[in-house]
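Visitor: The primary structure of each chain is shown beneath.
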Amino acid sequence: MKKEAPTLRDLAESLVVFARTCGADEAAVSVSDGYEFNVDVRRGRIETLIEAGSRVCGLRIIKDKKTAFASSSDLAPGTLKRLVRNAVRRAELGNPDEYAGLAPLSKETVDAESLKLYDPAIAGLDSKTKIGLALTTERAALRDKRITNSYGATFASNEIRSVLAMTNGFVGEYAQTYCGLGVGLQAGDTDNRVEDSWSSSKRHFKDLESPEAIARKAVERTVRQLKPRKVKTQNVPVIFEPTQTAWLMGFLFGCITGTAVFRKATFLEGKLGQRIGNRLVTVVDDGIIPGELGSHPFDSDGQPSRRTVVIERGVLKNYLCNHYAARKLGLKSTGNADGNGVGPNSFYLEPGTVSPKDIVAGTKRGLILIRTLGHGLNSVTGDISRGAFGLWVEDGEIAYPVSEVTISGNLGKILEGIEAVASDLEFHSPVTGPTVKVAEMTVAGE
Amino acid sequence: MALVREAYAAAQTFDKRIAKVKAHYSDSLKHMCIANSEGLLVHDTRPMVKLVCVAISEKNGKRESGYWGGGGRVGLEYFRDVLTPRRIGEEAAREAVLLLDAADAPAGEMPIVLAPGHSGVLIHEAVGHLLEADFSRKKTSVFWNKMGKRVGSPLVTIYDDPTIPSFRGSYNIDDEGTPPRKTLLIEKGVVRGLLQDKLSSRLMHGRLTGHGRRQDYSCAPIPRMANTYIAAGDDAPEDILRSVKKGFYVASLSGGQVEDSGKFTFSVSLGYLIEDGKLTAPVKQATLIGTNIDILNKIGRVGSDLEFGLQTGTCSKDGQDVPVTDGCPTLRIEKMTVGGTS
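So the protein sequences, as listed, match chains A and Z.
Position one of the first sequence corresponds to residue 1 (the numbering used here), numbered consecutively onward.
Position one of the second sequence corresponds to residue 447 (the numbering used here), numbered consecutively onward.
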């Protein structure tokens with residue numbers, strides 16, 4: 001892969017020049033070269049094994065304030081030249097947009113090396129080792145007699161080299177890796193099955209959780225749901241486990257992007273500078289934490305990554321923007337351009353100081369939310385209604401598992417009603433958060 | 447571009463409370479060729495057209511959104527003869543405006559009546575997925591040991607038919623080159639069939655049904671649904687509604703999810719309260735949850751008015767998206783949990 005890198009850069013730069021000669025006012029060209037390995041094993045045998053290389057070229061052409069996008073997985077020079085010519089022609093069909101245009105070249109840059117995004121150890125792993133990791137993880141989980149079936153274990157790894165070149169003179173390039181190991185399980189007989197999974201995903205192989213640790217967590221998360229009850233419909237405090245805070249943060253992200261704001265597709269439009277949550281709520285987007293999955297030296301507009309405080313002790317400080325959304329809203333880009341939209345870097349709720357155990361101990365009656373089913377999120381209103389699985393809490397202790405209920409509420413009210421934020425923040429995924437306790441949500445059951 | 451502009455304008459001018467509109471048009475023409483070492487060589491050409499509109503309404507600082515769309519394996523005459531861009535824009539705007547005055551959804555167990563068409567999502571989630579053969583082969587599906595057994599009310603008969611002309615979920619050959627067949631899944635409450643791809647059918651010694659589908663060449667084929675529906679029954683839809691004293695009417699749905707145990711959800715984007723057999727107040731979004739065998743047994747009435755939902759649906763499984771359609775007549779479920787707040 002490495003020896004091809006100069007070719008990628010040359011290709012991107014030459015296409016930028018070619019776009020200009022075709023009549024484009026501005027052009028941005030991204031080229032990436034990836035190698036992917038994925039193995040699924042189930043009940044001790046390989047279910048699927050994938051090794052794939054993929055190269056993609058994406059381009060954005062601006063002519064007379066009109067924009068066209070194009071992409072191709074065929075990087076033959078003839079194909080790409082045709083792609084550029086067609087894109088320039090297609091741009092002419094659109095409506096002029098006064099906000100169209102590339103971001104100005106930034107004076108600041110982030111050193112890709114310092115972000116530690118690439119682990120040569122992943123490239124050095126042979127297929128047998130990778131398959132072995134998946135087999136070992138599943139075997140460790142199946143050793144527990146309470147586990148009655150397996151969805152299988154997966155090991156996946158990726159190496160990607162990306163180049164971005166633009167007519168404003170920006171040229172950036174970096175390599176990144178990531179790998180993941182996980183297992184999904186069932187417990188109980190056919191008519192009373194419960195399921196769950198655990199996985200670890202990291203940029204560096206040495207940071208991956210061990211097969212034994214992953215198996216132990218997956219088993220524990222699965223068997224704790226056995227023999228669930230359905231509770232009566234009631235309003236109670238809900239404690240979100242970190243995996244659940246993660247989707248809540250994902251939903252919040254969708255509500256604070258500049259794109260959602262200018263489309264009026266979020267209930268948080270017009271709330272900049274206002275208090276939208278209580279003082280326990282601080283939310284950060286950070287693209288420059290070394291070694292994290294959400295880190296990159298620059299975004300797809302060529303803007304350097306940075307740390308942005310989105311909510312500071314309850315006050316909405318920033319919308320996350322690419323250059324286009326920022327221009328449209330009269331704001332500054334936050335380095336969150338992702339393809340043609342806005343994406344998160346490491347987007348997380350800052351941890352507090354209490355332990356999750358103490359939060360449960362301080363809850364007289366409530367639901368610990370451990371899994372959800374269904375979508376049920378509406379960014380226009382902030383309304384949430386999802387199928388839920390959890391653990392019922394009585395007098396500060398876990399009493400029994402709960403299933404076939406729903407939880408419902410509103411993100412705005414949740415941000416105001418967060419009563420406690422725990423200290424257990426971990427970056428299992430780029431969008432994440434610690435355990436939180438929400439004062440009240442509706443649990444619908446019988 | 448004229449089509450997308452027409453839908454946009456229809457939504458924008460529908461009502462002064464419409465604050466923002468997004469209309470989106472896409473089409474594709476996929477040429478494919480499948481060859482295998484058994485001597486198969488087949489070609490197909492698959493068109494796909496889709497026009498959707500999202501409208502956002504605003505009143506006193508409160509916002510709601512509405513969605514409508516259509517398309518399928520059709521040509522552009524569809525937008526003249528079957529569903530006009532104007533109607534797509536208007537329906538999206540109508541739903542958005544209606545929701546401004548909608549009450550919070552109720553919470554708890556109650557009788558449910560499902561509108562025809564959209565509600566096919568229920569069958570897709572509750573039944574279709576768990577009769578995809580890979581889940582039975584792996585014995586993770588609650589249905590794996592239920593072939594020939596009763597799992598629901600005798601009123602319930604379910605098919606998946608990839609051969610319905612011009613539907614989004616239809617195809618001439620599946621992605622492994624197998625000609626598809628209309629497949630009986632549930633007959634009068636009894637499990638009769640599975641959706642098969644080559645791998646599962648070989649391992650299970652089952653008959654191929656032509657349901658091996660892949661998102662594109664870079665993904666492996668797996669058993670998938672195409673056009674899944676519950677067959678029409680005998681009841682007049684008005685009688686079904688009239689039979690419910692107090693309950694929840696599901697007018698439109700926005701998707702759902704199922705796990706292999708049979709627990710499933712679907713999200714209602716617009717509902718109504720039923721009081722004394724009549725629709726009363728419109729209510730906002732809510733998720734409904736149930737367990738499939740339990741709910742299939744609680745289907746008490748099936749209408750004669752089979753309809754199919756919007757031709758815009760996409761189903762996700764193992765990270766692969768494929769186009770699908772669902773259909774359903776008016777249905778009554780005796781009791782199901784509604785996840786509202788009031």
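A couple of the hints might just be wrong.
The calculated lysine-lysine pairs, modelled on PhoX-like cross-linking and capped at a C-alpha distance of 20 Å, are [to be verified]:
no., chain 1, residue 1, chain 2, residue 2
1, A, Lys130, A, Lys230
2, A, Lys264, Z, Lys466
3, Z, Lys468, A, Lys66
4, A, Lys230, Z, Lys744
5, A, Lys332, A, Lys264
6, Z, Lys595, Z, Lys584
7, A, Lys328, Z, Lys644
8, Z, Lys468, A, Lys328
9, Z, Lys508, A, Lys271
10, Z, Lys644, Z, Lys584
11, A, Lys264, Z, Lys505
To be clear, the hints were calculated from the coordinates, so they are not data collected in a lab.
Remember, predicted model here, so these are calculated numbers, not experimental data.
Visitor: Would you pick out the hints that fail for this structure and give their numbers low to high?
Guide: 1, 7
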